[in-house]
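These protein sequences, in sequence, are chains A and B.
Take the first sequence: its letter number 73 is residue 73 in the working numbering, and every next letter is one higher.
Take the second sequence: its letter number 95 is residue 95 in the working numbering, and every next letter is one higher.
Heads up, some of the hints might be wrong.
Think about it this way: if two alpha-carbon atoms lie no more than 27 Å apart in a straight line, the pair counts; the simulated DSS-like pairs of lysine-lysine are [what the hints assert, rightly or not]:
no., chain 1, residue 1, chain 2, residue 2
1, B, Lys28, A, Lys277
2, A, Lys99, B, Lys28
3, B, Lys117, A, Lys277
4, B, Lys104, B, Lys28
5, B, Lys35, A, Lys380
6, A, Lys24, B, Lys28
7, A, Lys24, A, Lys99
8, B, Lys16, B, Lys112
9, B, Lys16, A, Lys277
10, A, Lys99, B, Lys16
11, B, Lys35, A, Lys99
12, A, Lys24, B, Lys117
13, B, Lys35, A, Lys277
14, A, Lys24, B, Lys112
15, A, Lys511, B, Lys117
16, A, Lys273, B, Lys34
17, B, Lys112, A, Lys237
18, B, Lys34, A, Lys221
Output of the computed footprint for chain B on chain A, the stretches with three or more beta carbons under 8 Å from beta carbons of chain B [unchecked claim]:
no., stretch
19, 78-86
20, 223-236
21, 240-249
Since the hints were made in silico from the structure, they are not lab data.
For each residue, glycine too, the CB sits at the ideal point set by N, CA and C.
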Amino acid sequence: MIVSLSVFVAFVASTLIITYWAAKRSRGTSGYFAAGRQISAWQNGFAVAGDFMSAASFLGVVGLISVKGLDGFLYSVGGFIAYVTILLLVAEPLRNLGKYTMGDVLAFRMNPRPVRALVAISTLTTTLFYMIAQMVGAGALVALLLAGSGITYNQAVIGVGVLMIVYVVFGGMLATTWVQIIKAMLLSACTLALAILVLRHFHFHFGELFSAAGRVAYHQKQQLVSSNFLQPGLFYKPPYGAFDLISMGLIFIFGTAGLPHILVKFYTVPDAKTARKSVVWAMFLIGTFYVLTSVLGLGAAVIVGPDYILTHGGTNMSGPLLAQALAGNIFLAVVSAVAFATILAVVAGLAISASTSFAHDFWVNVIHNGEERRPGESVKVARIAALAVGCISIAIAILVGPASNAGIMALLGMAVAASANFPVLVLSIFWRRFNTAGAIAGLSVGLLASIALIVVGPNFMGIDAAGVARHLIQAKPLFPMENVGIVTVPLGFLAAISGALLSSDPRAQSKFNELIVRANTGLGAE
Amino acid sequence: MDSTENTKPGQGAVQKDWDAIARSPEFKHLVALKKAFILPAFVIFFFYYFALPVAVGFAPGWMSARIVGGVTLGYLFALSQFLVGGIIAWLYLGASTRFDALTKDILGSQAKRSEEKK
Numbered sequence: 001m002i003v004s005l006s007v008f009v010a011f012v013a014s015t016l017i018i019t020y021w022a023a024k025r026s027r028g029t030s031g032y033f034a035a036g037r038q039i040s041a042w043q044n045g046f047a048v049a050g051d052f053m054s055a056a057s058f059l060g061v062v063g064l065i066s067v068k069g070l071d072g073f074l075y076s077v078g079g080f081i082a083y084v085t086i087l088l089l090v091a092e093p094l095r096n097l098g099k100y101t102m103g104d105v106l107a108f109r110m111n112p113r114p115v116r117a118l119v120a121i122s123t124l125t126t127t128l129f130y131m132i133a134q135m136v137g138a139g140a141l142v143a144l145l146l147a148g149s150g151i152t153y154n155q156a157v158i159g160v161g162v163l164m165i166v167y168v169v170f171g172g173m174l175a176t177t178w179v180q181i182i183k184a185m186l187l188s189a190c191t192l193a194l195a196i197l198v199l200r201h202f203h204f205h206f207g208e209l210f211s212a213a214g215r216v217a218y219h220q221k222q223q224l225v226s227s228n229f230l231q232p233g234l235f236y237k238p239p240y241g242a243f244d245l246i247s248m249g250l251i252f253i254f255g256t257a258g259l260p261h262i263l264v265k266f267y268t269v270p271d272a273k274t275a276r277k278s279v280v281w282a283m284f285l286i287g288t289f290y291v292l293t294s295v296l297g298l299g300a301a302v303i304v305g306p307d308y309i310l311t312h313g314g315t316n317m318s319g320p321l322l323a324q325a326l327a328g329n330i331f332l333a334v335v336s337a338v339a340f341a342t343i344l345a346v347v348a349g350l351a352i353s354a355s356t357s358f359a360h361d362f363w364v365n366v367i368h369n370g371e372e373r374r375p376g377e378s379v380k381v382a383r384i385a386a387l388a389v390g391c392i393s394i395a396i397a398i399l400v401g402p403a404s405n406a407g408i409m410a411l412l413g414m415a416v417a418a419s420a421n422f423p424v425l426v427l428s429i430f431w432r433r434f435n436t437a438g439a440i441a442g443l444s445v446g447l448l449a450s451i452a453l454i455v456v457g458p459n460f461m462g463i464d465a466a467g468v469a470r471h472l473i474q475a476k477p478l479f480p481m482e483n484v485g486i487v488t489v490p491l492g493f494l495a496a497i498s499g500a501l502l503s504s505d506p507r508a509q510s511k512f513n514e515l516i517v518r519a520n521t522g523l524g525a526e
Numbered sequence: 001m002d003s004t005e006n007t008k009p010g011q012g013a014v015q016k017d018w019d020a021i022a023r024s025p026e027f028k029h030l031v032a033l034k035k036a037f038i039l040p041a042f043v044i045f046f047f048y049y050f051a052l053p054v055a056v057g058f059a060p061g062w063m064s065a066r067i068v069g070g071v072t073l074g075y076l077f078a079l080s081q082f083l084v085g086g087i088i089a090w091l092y093l094g095a096s097t098r099f100d101a102l103t104k105d106i107l108g109s110q111a112k113r114s115e116e117k118k
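Can you build the whole structure from these sequences, using the hints too?
Have a look at this one:
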């Protein structure tokens, strides 16, 4: 525990020094919201990778592979492949067209007030759900790892929340980016070390690892069974399993390109060319990381075993338990501290994107018609918003408690991003005929459909055995799949396209020439 | 704030200028080249990616076939996605040096035109 604490204290201390440095250096609106647009390609690549390699992927995906095998690894593939969408379709036009938020691109040729108001709502929804998921994860992690230390779930949640507020309020985007870079380095190093230890356990023969993973023994309904973890079907089962998988794929490859906290990162680099290079950096880091999750996950399945994992903290603890099994308590402590640092950094990244959207999209552009009443107003509003967002998420995370399934909330955030944000973003950039009505229809239908289907799906509805109250609504689910994307993504596109076709907006069409020139050449980009 | 920071070149351009650039042959050439790369790349990647959940979901038997040692076809197919994603990114980086050169030309002739107008 002393090791764990000292790694963590060292991380917190260095991030606070960075925050102090960033606070002194950062000047003006673009300094606060976009790190002065001075972040280099590799730095942004690490920061973007850091934003995406959340606790959900490090703890969650490794955990899923360790108990469900290949089906869990499909999450890793989706997480990596999503960046091809960002590279080909989104990063460069976004950087060339906007200043601080995704809303800049959407409002470019639309009636800005209703579009920005809706974007602000969907951004706040996405990030808040994501943030609560991370904070619940942090609290649960601490409660498990430091069980003897007297630190409770609530204290851990408050600690994460307060640190995040400090980073964001004082250090802005510059501090948040550097916190993310350091964390991405720590997490990559940690994952690599764990993977090497796993391979050493199998005498550096992949064959040994894979043949052991081909016959993992565990208990299922009191019976000892043995499964091939390299085979599909342990998690996604008929009749809906295949559709659920496709649905998950849709949410990943479109949702990631609609996540506000990922998109804002492309405004921190000097130009579109740097944005493009930074995506490739991120792909390299994320790709390596996610390939290694299969080594870690299968390693945990073989070395630790699904039975032990499920009785010692559940799937989220597979990575830390693997570290303990391979290199003792000291490595367990290091891995746990890194996982905790990961959560802290991701939460800070979410908070800055939420508060930027509130200040820039909602406060300045919706309420005050695009004019700051006095210089620096938007930064001030963003700082207050960050404080508010931090307090709200602390309160909700404490309210829902450690037992809540954090994964659902992250899933909800991704679903909204894929079904509401992504269709509208892509159509704005590439379709001349697109207009205000289309944007409003796409955003609202995507948002409402995702929330509604998740609420009537198996995450919220289900009939539990007596004494177990896992589901909020005790009834048979009305929608059979966890991942709603297969319905909501086409619905979002359909609403956006028909909204545009059913209305006419000459201004939006005449401004398309300007948009396409700016998007492709960077002319006039800030 | 949207109206106060118009300091960089291009910000002062009026509708006529944007239309002129959009209709210029150099710009049309650039957009056509980009489309010729991005569209097929996206379509290939899209179908290759979705082949994985479709195969895993609908043909788990095939995907369980062992190829080398204990490694299944499904796992190799999943791993191959990382390779395909990497190749697309690498090809795109290569193609974009051409896009950047063309963009530079367009920006150059635009700057010249606005000089002449003054």
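Tested hints:
Annotation: proposed proximity of lysine 28 of chain B to lysine 277 of chain A holds, straight-line Cα distance about 24 Å (limit 27 Å). A distance of roughly 26 Å separates the Cα atoms of lysine 99 of chain A and lysine 28 of chain B; the hinted pair therefore holds under the 27 Å criterion. For the hint linking lysine 117 of chain B to lysine 277 of chain A, the alpha-carbon distance of about 36 Å lies beyond 27 Å, and the restraint is violated. Pair hint lysine 104 of chain B plus lysine 28 of chain B holds up; C-alpha atoms about 14 Å apart against a cutoff of 27 Å.
The hinted pair formed by lysine 35 of chain B and lysine 380 of chain A fails the criterion: a straight-line CA distance of about 42 Å is larger than 27 Å. About 46 Å separates the Cα atoms of lysine 24 of chain A and lysine 28 of chain B, which puts this hinted pair outside 27 Å; it is violated. In summary, the hint linking lysine 24 of chain A to lysine 99 of chain A is supported, as the alpha carbons are separated by about 22 Å, within the 27 Å threshold. At roughly 16 Å between alpha-carbon atoms, lysine 16 of chain B and lysine 112 of chain B fall within 27 Å of each other, so this suggested pair holds.
A distance of roughly 33 Å separates the Cα atoms of lysine 16 of chain B and lysine 277 of chain A; the hinted pair therefore is violated under the 27 Å criterion. With a C-alpha separation of about 23 Å, the suggested pair lysine 99 of chain A and lysine 16 of chain B falls inside the 27 Å cut-off, and the hint holds. Of the pairs offered as hints, the one joining lysine 35 of chain B and lysine 99 of chain A holds, with about 25 Å between alpha carbons and a cut-off of 27 Å not exceeded. Among the hinted pairs, lysine 24 of chain A with lysine 117 of chain B is inconsistent with the structure: their alpha-carbon atoms are about 43 Å apart, more than 27 Å.
Note on lysine 35 of chain B and lysine 277 of chain A: the hinted pairing holds, with a Cα-Cα distance of about 19 Å set against a maximum of 27 Å. A threshold of 27 Å between alpha carbons decides the hint, and for lysine 24 of chain A with lysine 112 of chain B the separation of about 41 Å lies outside it, so the pair is violated. Straight-line distance between C-alpha atoms of lysine 511 of chain A and lysine 117 of chain B comes to about 23 Å, which keeps the hinted pair within the 27 Å bound. Of the pairs offered as hints, the one joining lysine 273 of chain A and lysine 34 of chain B holds, with about 14 Å between alpha carbons and a cut-off of 27 Å not exceeded.
Between lysine 112 of chain B and lysine 237 of chain A, the direct Cα distance comes to roughly 64 Å. Violation of the 27 Å bound is thereby established for this hinted pair. At roughly 56 Å between alpha-carbon atoms, lysine 34 of chain B and lysine 221 of chain A are farther apart than 27 Å, so this suggested pair is violated. Counting residues of the stretch 78-86 of chain A whose CB falls under 8 Å from any CB of chain B gives 5; the rule of at least 3 is met. Counting residues of the stretch 223-236 of chain A whose CB lies closer than 8 Å to any CB of chain B gives 6, so the stated coverage by that chain holds, three being the minimum.
With 8 residues having a Cβ less than 8 Å from any Cβ of chain B, the stretch 240-249 of chain A passes the three-residue criterion, so the hint holds.
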